[in-house]
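No gaps in the numbering here: position 39 of the sequence shown is 39 in my numbering, and each next residue is one more.
Keep in mind that the hints were calculated from the coordinates and are not lab data.
Any given hint could turn out to be false.
[What the hints assert, rightly or not] Have a look at the derived ranges for each label pair, beta carbon to beta carbon:
| # | residue 1 | residue 2 | range |
| --- | --- | --- | --- |
| 1 | ALA70 | GLY26 | 20 to 26 Å |
| 2 | THR106 | ALA129 | 35 to 41 Å |
| 3 | SER153 | ALA132 | 30 to 36 Å |
| 4 | ALA155 | GLN58 | 20 to 26 Å |
| 5 | ALA156 | ASN71 | 26 to 32 Å |
| 6 | SER147 | GLY74 | 17 to 23 Å |
| 7 | GLY74 | GLU125 | 15 to 21 Å |
| 8 | ASN36 | GLU93 | 34 to 40 Å |
All C-beta atoms, glycine included, are put in the ideal place defined by N, C-alpha and C.
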Amino acid sequence: MSAPVVIFTVGNPSRGDDALGPECHGQLEKWLENENLADQFELIEDFQLQIEHALDLQGRQLALFIDAGANTPGPFTFQRIAPATGAAYTTHELPPEAVLQVYLQTEGEEPPPAFVLCIRGETFELGEALSAAASRHLDAAFSLLNSLCRQPSLAAWERVATPVSG
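Whenever a hint applies, use it, and build me the whole structure from the sequences.
As structure tokens, then:
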């Protein structure tokens, strides 16, 4: 049986602040174990999202995508997302909305409610370490993440999500 919540952490630990996803993954894994919450969450870490990640949404009540963002308002944003129509699936970078769209197309049903936690990064050069600013942003985001994991419900997550402008 699948855990009710799947959390995707995305990023390359060798590219400076792109390591925010993997760093968050490591911290979250330990925190969930310490809080006896690990059985409620499946953590999936990858360099980038793939079409196949749509399969990991099956049987879930909630999905969360965590990634670094270069132009994200600091220290982070937390928003609900929806499937993206017309998204290209052949680009190097597949956005979370496209993964939801693949699920919709392959499963013939709406994906689970999904959110993105985008943590502001400053430098993304190959071989760079995580910047001090990104580390502070991760600390701030992790505080929110702890609250989300203590209340893994759509209503609780929607209360703290920032509305998407558009």
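Structure-based check of each hint:
no.: 1; hint: ALA70 x GLY26: 20 to 26 Å; in the structure: holds (22 Å)
no.: 2; hint: THR106 x ALA129: 35 to 41 Å; in the structure: holds (39 Å)
no.: 3; hint: SER153 x ALA132: 30 to 36 Å; in the structure: holds (34 Å)
no.: 4; hint: ALA155 x GLN58: 20 to 26 Å; in the structure: holds (23 Å)
no.: 5; hint: ALA156 x ASN71: 26 to 32 Å; in the structure: holds (28 Å)
no.: 6; hint: SER147 x GLY74: 17 to 23 Å; in the structure: holds (19 Å)
no.: 7; hint: GLY74 x GLU125: 15 to 21 Å; in the structure: holds (19 Å)
no.: 8; hint: ASN36 x GLU93: 34 to 40 Å; in the structure: holds (36 Å)
In this structure, every one of the numbered hints holds.
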